[in-house]
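*Asks:* Here's the letter readout for the chains.
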Amino acid sequence: MDLTFSDQETAFRDELRGWLAENKPGPAPSEGDDDTHYAYRREWQRKLYDAGWAAPAWPAEYGGRGASLTESAIYFEELGRARVPMAANVLGLLLGGPTLMVWGTDEQKERYLSPILSGEEIWCQGFSEPDAGSDLASLKTRAVKDGDEWVVTGQKVWTSGAQYSKWCMLVARSDSDVAKHKGLTYFLMDMEQDAVQVRPLRQITGEAEFNELFIEEARIPDANVVGGVGNGWKVALTTLMNERAGLGFALQIRLRQLLDDLIAKAIERGTYDENADSLAELHVRCESIRLLAWKGLTDVERYGQPGPEGSLVKWLWSDTNQRLTQLAVDIVGPDALTSGESWSYELLRARGNTIEGGTTEVLKNIVAERVLGLPRLKVAV
Amino acid sequence: MDFGFTDDQREIQRTARDLLAERATPARVREHAEARTVDQALWRELSELGWPGIAVSEEYGGQGLGQIELSILCEELGRSLAPVPFLPSALAATAIEQSGVQAQCERWLPGLASGETVGALGTVVDGVAGLVIGGADSQVLVLVEDDGTGLVIAAEDAEVTPLQAIDPTRSAARVSVPDGAGDSLGDVCVGLGRSLISVSSELVGVCERALEMTVAYVKDRKQFGVPVGAYQAVSHRCAQMLLDTEKARSTANFAAWTADADPERLAEAAAMAKASASDAGREVTAGAIQMHGGIGFTWEADVHWLYKRAQLDAALLGGAKRHRAQLSAILADKVAASATA
Numbered sequence: 000m001d002l003t004f005s006d007q008e009t010a011f012r013d014e015l016r017g018w019l020a021e022n023k024p025g026p027a028p029s030e031g032d033d034d035t036h037y038a039y040r041r042e043w044q045r046k047l048y049d050a051g052w053a054a055p056a057w058p059a060e061y062g063g064r065g066a067s068l069t070e071s072a073i074y075f076e077e078l079g080r081a082r083v084p085m086a087a088n089v090l091g092l093l094l095g096g097p098t099l100m101v102w103g104t105d106e107q108k109e110r111y112l113s114p115i116l117s118g119e120e121i122w123c124q125g126f127s128e129p130d131a132g133s134d135l136a137s138l139k140t141r142a143v144k145d146g147d148e149w150v151v152t153g154q155k156v157w158t159s160g161a162q163y164s165k166w167c168m169l170v171a172r173s174d175s176d177v178a179k180h181k182g183l184t185y186f187l188m189d190m191e192q193d194a195v196q197v198r199p200l201r202q203i204t205g206e207a208e209f210n211e212l213f214i215e216e217a218r219i220p221d222a223n224v225v226g227g228v229g230n231g232w233k234v235a236l237t238t239l240m241n242e243r244a245g246l247g248f249a250l251q252i253r254l255r256q257l258l259d260d261l262i263a264k265a266i267e268r269g270t271y272d273e274n275a276d277s278l279a280e281l282h283v284r285c286e287s288i289r290l291l292a293w294k295g296l297t298d299v300e301r302y303g304q305p306g307p308e309g310s311l312v313k314w315l316w317s318d319t320n321q322r323l324t325q326l327a328v329d330i331v332g333p334d335a336l337t338s339g340e341s342w343s344y345e346l347l348r349a350r351g352n353t354i355e356g357g358t359t360e361v362l363k364n365i366v367a368e369r370v371l372g373l374p375r376l377k378v379a380v
Numbered sequence: 000m001d002f003g004f005t006d007d008q009r010e011i012q013r014t015a016r017d018l019l020a021e022r023a024t025p026a027r028v029r030e031h032a033e034a035r036t037v038d039q040a041l042w043r044e045l046s047e048l049g050w051p052g053i054a055v056s057e058e059y060g061g062q063g064l065g066q067i068e069l070s071i072l073c074e075e076l077g078r079s080l081a082p083v084p085f086l087p088s089a090l091a092a093t094a095i096e097q098s099g100v101q102a103q104c105e106r107w108l109p110g111l112a113s114g115e116t117v118g119a120l121g122t123v124v125d126g127v128a129g130l131v132i133g134g135a136d137s138q139v140l141v142l143v144e145d146d147g148t149g150l151v152i153a154a155e156d157a158e159v160t161p162l163q164a165i166d167p168t169r170s171a172a173r174v175s176v177p178d179g180a181g182d183s184l185g186d187v188c189v190g191l192g193r194s195l196i197s198v199s200s201e202l203v204g205v206c207e208r209a210l211e212m213t214v215a216y217v218k219d220r221k222q223f224g225v226p227v228g229a230y231q232a233v234s235h236r237c238a239q240m241l242l243d244t245e246k247a248r249s250t251a252n253f254a255a256w257t258a259d260a261d262p263e264r265l266a267e268a269a270a271m272a273k274a275s276a277s278d279a280g281r282e283v284t285a286g287a288i289q290m291h292g293g294i295g296f297t298w299e300a301d302v303h304w305l306y307k308r309a310q311l312d313a314a315l316l317g318g319a320k321r322h323r324a325q326l327s328a329i330l331a332d333k334v335a336a337s338a339t340a
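Which chain is which? The protein sequence lines are F and D, in order.
The opening residue of the first sequence carries number 0 in numbering that gives the first Met the number 0; numbering runs sequentially from there.
The opening residue of the second sequence carries number 0 in numbering that gives the first Met the number 0; numbering runs sequentially from there.
Just so you know, the hints here were simulated from the structure itself, not pulled from any lab data.
Where is the CB? At the ideal position from N, CA and C, for every residue including glycine.
Certain hints may be false.
Claimed, not checked - Example chain F residues on the side facing chain D (calculated, C-beta under 8 Å, incomplete): (1) E206; (2) A263; (3) L278; (4) A279; (5) E280; (6) V370; (7) L371; (8) P374.
This is chain F alone, in the form it adopts within the complex (with noise of 0.2 Å):
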């Protein structure tokens, strides 16, 4: 056990921080819409990209620095430290260039890979319809094949960023004859026609940051199958994986952010004492899910996989920032329940953490059963 970064790892950091610290963009826009803020997180990835630091972990012939697993969690700890706002195209550069990496013909990898990079063309992730949540394997978006294109017709929900977006990961089902899981195909969609309609779907914090897809006999070249027809369940799995895997290390930074200002508050305001034994559990939870996360990356590092064990990470963030954001009303007191105040923002977003990228309750159960190996109750169907 060593729990230290070696020299490289902190060289790494160090080169990082230092310049984050030169280059690291203002405060977000106070004033304008949903469209001026996004610009702002464009902005900065192409100032990333410039540098070299939009995705350290792709390997360097595709654009990256083929940073390691380690490197790459300093990598999002770092970026978290520095309070700098998440690269426009990120659902690209996490879950998009990986997947593609994974299965994609040397062609889409040629074609895309460097444009998501630098942010010209955004990406988007069609899986979840209204109807097909956590049993995702459930969902209906058909997609029927008409000479050497696919004629793709649904709707999907919980698409972030697709307004701004150029393609669209899309599952849809191009087989109904075989058993779920074997029909579905992974595809990338052009968002720029007319057969997809985007409607912001607004949510309790009364922002948009997601929407639903209507897709209404969009057409889809057969260049843009991804990792084969029918092969969409095992695609699809590898851009979850990548979903757990990075982005772990820039909400456990900003969970500790949260709480160390919340303790700052509580001495300021003279109520330390009253809340001390909730803030120091607060403290040793954030601390697990440090550890917790490192450890998971070492097992990655040692046995190549993450184990299923990712997902008790996951379920204590998400309980935990709950907490930390219901503390902080007794904490901070009337401005966490007042519109438009940052606290309260966290406290109404946080209701989210349980349930995007995996209900808790859906993750209990692959706990139960991946981990501990204990039975599945047989759903009548």
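Fit chain D to the supplied structure of chain F, relying on the hints for placement.
*Replies:* Chain D in isolation, oriented as in the chain F frame:
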């Protein structure tokens, strides 16, 4: 950055687990628990293997290994509930080595390291240690006060009243020190910090075993024609038990690492570990009884030994609340320091 154990550490863990699986079987543990006796044959065997001295320095006859190695043994002994005074004796040795002067070390450590002497450590309030685990069969006692002072005393010089604690796998006693008796130790903070980690590691072992027994039981036990572990009310509680266990393990292992590699963070890490492990020990073993249903409430099932051990360990050297209070003071200091920096 590497969270895994080294090959040598894994070897210690594997050897310990294999040996204890053979020697500290549930039947053997039950026999000694019901008779409230120490398994002397096992204690002799462990002593010959050098276990009691694993973290005592070589100069005093130990193996001179670190807190991680000591924690590995504590965890394995916690898993097995072996009825031997390993933990109490290790706590006494740690405190004496960390805060004793040379004469005190020379007097007590060789015996503690070889297993010929058995020790125990307790906390004193108004001159009385109400419950010293292992206290009734010790030859040397370390008694510490809240202010970080402590003393070491030969058992024959103290007033030792044996108690029947709910955990019958180890002895217990009420200890008081006659005026002027005992030998003062220096600042016991570091020794206490390390001791908290050892107790936490034992609790992790207890949790791990409780979860294993529970998972095996709910896979096997059928009601309404299916294993009860298929019901989410049951499987989700098991998942929670795993989360609690892994959370405790992460902080205990981190603390064990800091003890030798980053001593400045020892106080914080030890408080985190003990807060986390005390809560987990109580929750996980309570869950084990509940998930076993009616059988879990019977004397015949073995889960109650784990529950009882967890209760004693969770309270030993202060429970979760006390260590969170400790931690909150450390956090406030940190915030103050960063504000003035």
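*Asks:* All hints are to be evaluated individually against the structure, with a verdict given for each.
*Replies:* Do the hints match the structure? See the list:
The restraint placing E206/F at the interface with chain D is violated, with a minimum CB-CB distance near 31 Å, outside the 8 Å limit. The closest approach between the C-beta of A263/F and any C-beta of chain D is roughly 6 Å, which is under the 8 Å cut-off, so the hint is satisfied. For L278/F, the shortest C-beta to C-beta distance to chain D is roughly 6 Å, which falls under 8 Å, so the interface hint holds. With its C-beta approaching chain D no nearer than about 4 Å, A279/F sits inside the 8 Å limit, and its interface hint holds.
About 6 Å separates the beta-carbon of E280/F from the nearest beta-carbon of chain D, less than 8 Å, and the hint is met. With its C-beta approaching chain D no nearer than about 6 Å, V370/F sits inside the 8 Å limit, and its interface hint holds. Evaluation of the L371/F hint against chain D yields a held restraint, the C-beta minimum of about 5 Å falling below 8 Å. For P374/F, the suggested interface contact is upheld, since its CB lies about 4 Å from the closest CB of chain D, less than 8 Å.
When each numbered hint is compared with the structure, a violation occurs for hint 1 only.
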